[in-house]
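Participant: First to last, the sequence lines map onto chains A and B. What the first sequence shows, in the working numbering, is residues 1 to 174, in sequence order. What the second sequence shows, in the working numbering, is residues 175 to 792, in sequence order.
No wet-lab data here; the hints were simulated from the structure. All clues stand as given, with none of them false.
Listed below are the simulated DSS-like cross-link pairs for lysine-lysine, each with C-alpha atoms no more than 27 Å apart in a straight line:
no.: 1; chain 1: A; residue 1: Lys156; chain 2: B; residue 2: Lys583
no.: 2; chain 1: A; residue 1: Lys78; chain 2: A; residue 2: Lys62
no.: 3; chain 1: B; residue 1: Lys778; chain 2: A; residue 2: Lys29
no.: 4; chain 1: A; residue 1: Lys62; chain 2: B; residue 2: Lys778
no.: 5; chain 1: B; residue 1: Lys664; chain 2: A; residue 2: Lys78
no.: 6; chain 1: B; residue 1: Lys583; chain 2: A; residue 2: Lys160
no.: 7; chain 1: B; residue 1: Lys191; chain 2: B; residue 2: Lys557
no.: 8; chain 1: A; residue 1: Lys127; chain 2: A; residue 2: Lys62
no.: 9; chain 1: B; residue 1: Lys583; chain 2: A; residue 2: Lys154
no.: 10; chain 1: B; residue 1: Lys265; chain 2: B; residue 2: Lys583
no.: 11; chain 1: A; residue 1: Lys160; chain 2: A; residue 2: Lys127
no.: 12; chain 1: A; residue 1: Lys127; chain 2: A; residue 2: Lys154
no.: 13; chain 1: A; residue 1: Lys78; chain 2: B; residue 2: Lys583
no.: 14; chain 1: B; residue 1: Lys423; chain 2: B; residue 2: Lys486
no.: 15; chain 1: A; residue 1: Lys62; chain 2: A; residue 2: Lys156
no.: 16; chain 1: B; residue 1: Lys346; chain 2: B; residue 2: Lys265
no.: 17; chain 1: B; residue 1: Lys583; chain 2: A; residue 2: Lys62
no.: 18; chain 1: A; residue 1: Lys131; chain 2: A; residue 2: Lys78
no.: 19; chain 1: A; residue 1: Lys160; chain 2: A; residue 2: Lys78
no.: 20; chain 1: B; residue 1: Lys423; chain 2: B; residue 2: Lys468
no.: 21; chain 1: B; residue 1: Lys734; chain 2: B; residue 2: Lys758
no.: 22; chain 1: A; residue 1: Lys154; chain 2: A; residue 2: Lys62
no.: 23; chain 1: B; residue 1: Lys758; chain 2: B; residue 2: Lys739
no.: 24; chain 1: B; residue 1: Lys557; chain 2: B; residue 2: Lys346
no.: 25; chain 1: A; residue 1: Lys29; chain 2: B; residue 2: Lys557
no.: 26; chain 1: B; residue 1: Lys191; chain 2: A; residue 2: Lys29
According to the in silico footprint, chain A covers these stretches of chain B (three or more CB under 8 Å from chain A):
no.: 27; stretch: 583 to 596
no.: 28; stretch: 704 to 715
Glycine included, each C-beta is placed from N, C-alpha and C at the ideal position.
Each chain is listed here by its residues.
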Amino acid sequence: MNYFRLFDLPETFELDLTELGSRYLSLQKRFHPDNFAAGSERDRLMSVQQTANINDAYHSLKQPLLRAEHMLALRGLKISNEQRSFTDPLFLMQQMELREQLAELQDEADPEAALFAIEQQIQQQRKQLLKALSEALVEQSAEQDQLAAELVRKLKFFYKLQQELELIEQQLQD
Amino acid sequence: MALLQIAEPGQSAAPHKHRLAAGIDLGTTNSLVATVRSGEAKTLLNQAGEAMVPSVVRYTKDGVQVGSAAEAAAVSDAENTIVSVKRLMGKGYQETVALANALPYRLVEQTGLVAIETVQGIKNPVEISAEILATLANTASETLGGELNGVVITVPAYFDDAQRQATKDAAKLAGLTVLRLLNEPTAAALAYGLDSGQEGVIAVYDLGGGTFDISILRLRHGVFEVLATGGDSALGGDDFDQAIVSELKERSGQTDLSFSAQRQYQQQARALKEALTDKARCDYHFTADQQEVKGTLTRTELDQLILTLVKKTIRACRQTLRDADLTTDEVLKVVMVGGSTRVPLVRQQVAEFFNTEPLTSIDPDKVVALGAAIQANVLVGNKADNETLLLDVIPLSLGIETMGGLTEKIIPRNTVIPVSRAQEFTTFKDGQTAMAIHVVQGERELVEDCRSLARFELRGIPPMPAGGAHIRVTFQVDADGLLNVSAEEKSTGVQASIQVKPSYGLSDDQIASMISGSMQHARQDMQQRLLREQQVEAERVIEAVSVALASDAALLDEQKQADIKQALATLSELRQQQDTAAIKAAIEHTNQLTDEFAALRMDKSIRLALQGHKVDEV
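In isolation and in its complexed conformation, chain B is listed as follows:
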């Protein structure tokens, strides 16, 4: 038992409340939650003792099952048991129609988005994912003995704006505070501690069940920079299984399989793939639709079956290295992530391409969750001496539709985020007062080949002759890769109002009604939740301003200091009470009062940051 509290070098000796944070790997097939305890990241076990929770949600008449229990019903109650919901995140109904035949449940349209009809009514992917997140967060709260202050959720580097937004919405619905959406490969590199190791270029090769990501990162002066990302959102170990299934079916001559026989083949294919990880050959013997199927598959045969798929990943590696303006010999380390990287051919091809033995010492299924936990611990404020900075890039170009259905790129992919770019538009008719703008994401020339993100209507443009109005539209992408848009008419300064119609997202109102309507929060009063949100924000404001005053009060005259202290005292008192509107007003008042102070501190901070740099003669 510790009798004395001894501070680590660089850490403050002042008592600091340890905040609870967790990292969540919300996977296509499995999900995991991890946290940092006593300085070490560990995955957490649920009550059944599992770290890997199948990403499966089953709706029953009177409840919801998540994980293994739900998975067990995947065949018997297929239409109410949703697997791989991640593939549907942020997708429009039209996009998923092609999948409808392959999926055992009834897909329906919900304001343009895809949703699933279940025994409990229509459920959308955000709601379904929220169930998984809530289950994982629950595991963490129970293990850690308290409510989580914040979580880091990982997403494939390849996720576009709509998919990231959907993930964030799901967290909101589950009642979680998202500190950051972190790219999965970046999390993996953090788990290997590469942020504090040798400086250089790191490649993260992440081959999961359904997705492939390749990320090129660079570590320099404690800064972890994502140089480029690439990959394929529809390529993974499941495709290996599928290739084996096709081969087995060709050998057996079976076609038009029943649903259960199809599953039989899939299970056998998977088992063969796994067995051939350490064996050179493996026999199979099973019965499907009353027919006996038997034979032997060798490693060499497997390699032939999946070679094109593996080569496809290598091609993506080459392309992404090119985007980063690098050659393979500049890559210092290669990190392997995802269960499919256990396949020997994958390891061999990756080692050959990068000309170095890849890192495989951490369980490739857990490595992402562990990295997320490490980052969550930093972001929640438990590691004051953190020297690592994670710079991220936007994975896909953002553009707008121009004449003839072509796209014009406004923010090219692999631009460091946060970023904001402005674009000027003009009217083409006399007296035009409104204008429509269509924002898309993707690399292709034609709008129809890109992902439609949102349609904006600019209204309230002052009537002018054609070409007279200059509307400046600002596209801002935050650190999570999410887009915000604002617009202004330049010559008159009129703020054009924007009406956003997200093509594949949910509006704030929809989320609010989902929150109040969802089973999970039925008992929780919506009002209570809003109050809690304002109280948390009040706490943050009080802490931020107090810290600022403690270090920089000298920037203010005494009157101003007194005013701010008074505002803090008021806010602090209101925070204890139940009046949501009053707390909100007091926060706004405090913010207004401290705007100038914040700007002064910003300038001082810039000067401080640049101090110690060599002075150039002007």
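Next up, chain A with everything else stripped away, as it sits in the complex:
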């Protein structure tokens, strides 16, 4: 299923999220099971399926990584749930360093400042990767698509790192 088509939006990575949100709500308003609570069984079933689709589509388009994955899947490149090991040693080294810094945070004189510094670093690199991803997805060539897939895999590391960082931030605050 083409999620862009469902919302009648252009198939592009640089999606207008406000527009996506308002289209999502319009569709939900029309198809939500609450509108069919007193309706026939078939109508109720159809509405549940339809709204489940709409929710899934919105969920996938809203987040940049899932959006990129969906775009690649539409082009015949399935990378969600893949089991694959990384081959870029430089990238892995960099990830390990960031992780070490996070692990040693507790021993810093000012852990919160150190945390902030790492966060800035992560965000900056994530931004760069997202920019590269957006550019790679424009061309629609097999080569650029492979590059985009590689960028998605790298970005996943950064999103995971960000989650861990937030967890540590919580611990520091508690």
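Given chain A, put chain B in place with the hints provided.
Facilitator: Then chain B, alone, in the frame of chain A:
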């Protein structure tokens, strides 16, 4: 007296049969029923003049008592008088064994579920709750002068699938049509009319007798969205009472209390808590097990006793805000629900945390039932111009058991529902034709720490080498938060059959036999009930298709239109008669005939919904 029927702006002037609907707050301690009359939501009084009916059911040799009459016997006939049955809803026997000593009745096991042995035989929580629901619905029917077309029943946002299913089963047993299970906090926000007010984020802090819920909602463009829910299903005002009881016992030095002395302490604790709502200090003086107990409790002392408990709720608020990706200053309004929010320390701590004065103008005991009534009125179809949309989320993650007793999350909590997610499984042995799947709900890593929902057996997998079969299992959660599962082998298209063994639910057969066996419906013939169900469904189909034809007949050629009209005429005629099977067949025929029409209308509807949105250049 109105001589002219004048339609409100936006409402249709065409005569529309007003349908009877009610909102039911099925509470742990008390239950209420409310309805919308002349545009205003009101709680309804039973014959004794009470709005709050104690959620107590007593089984006597020749009958059933519900409410105050039953509560009066809670001490004298403890083992046949069931209080707080909500705590047992959807629970397995093993889970409740720990409670057994604290409860005065005999808990027994009924196909894995907990049930209670009474003078009338074994009664399960679904049956007991059905008695409460039937009593409330009866109050509504009598007041409104007719059979209810549908009800909205509220449940704690924290309720898992098994508990929601049990609630729905209870309604079915009571002969009620459930329009929707609504989360209690959402209902409260509706009662305050926040769905049509200022746009922004709303927090609903609901501290009842036995449960605590915090919900973060957002209103945007008329859409009411539950962003996140959290809380604690075992924390409430009763724990405040318990903390006071412990303090009083420590002061008096009494231990090993008799059952009646224990109740004495509880009643005194409760009275003290309530008195300290407007007073700074309060004296107590009573006799328990022949010992005189007296002293003074101050507000400051009470605050100290319950501070950890209140802080616990604040921690849950923080966690839930985090789940919603929000900070406290983004919260526009805070709604207070539940009798325990009358406690000054609670109000003060909540105001401090959210940095805003919480809303308390509607009676916190009634606010949920009022909201449910408002939603019931909308869902039953009495408010055609309704612009509010309620989007809900799944409160706890759904997952499956993987190797080593670990859980793998398939639908994470706070995902907007309805939702469907598919997961692929493969065989690990050559020629394997069956597979077991264990569905659990909860946030913990280990399966044993989560709630077991159901075990599925997939059968009829075509024999293939190990890893050759790809079974796609689809988990679908509907708007009430209830799970459905289907499965298919992908390479051959074989529909694997699913055998569901609900870990904590009742099967359809069990419900059917409960319905035919229950006292309340003994006179009602099961056949009659099935006939009535099909007749109602026939009415719904006729109405839905007629409305569709009236607006979209142009989508069909004339032959098709004639066919559908013919099918409707047949169905309409059969509906008047008594042949259940014939009505059912005619419904199916009509559905088949209109499947394509429904799909065409769906597409048209999507286009219409997206019209008026700005056109992007492609």
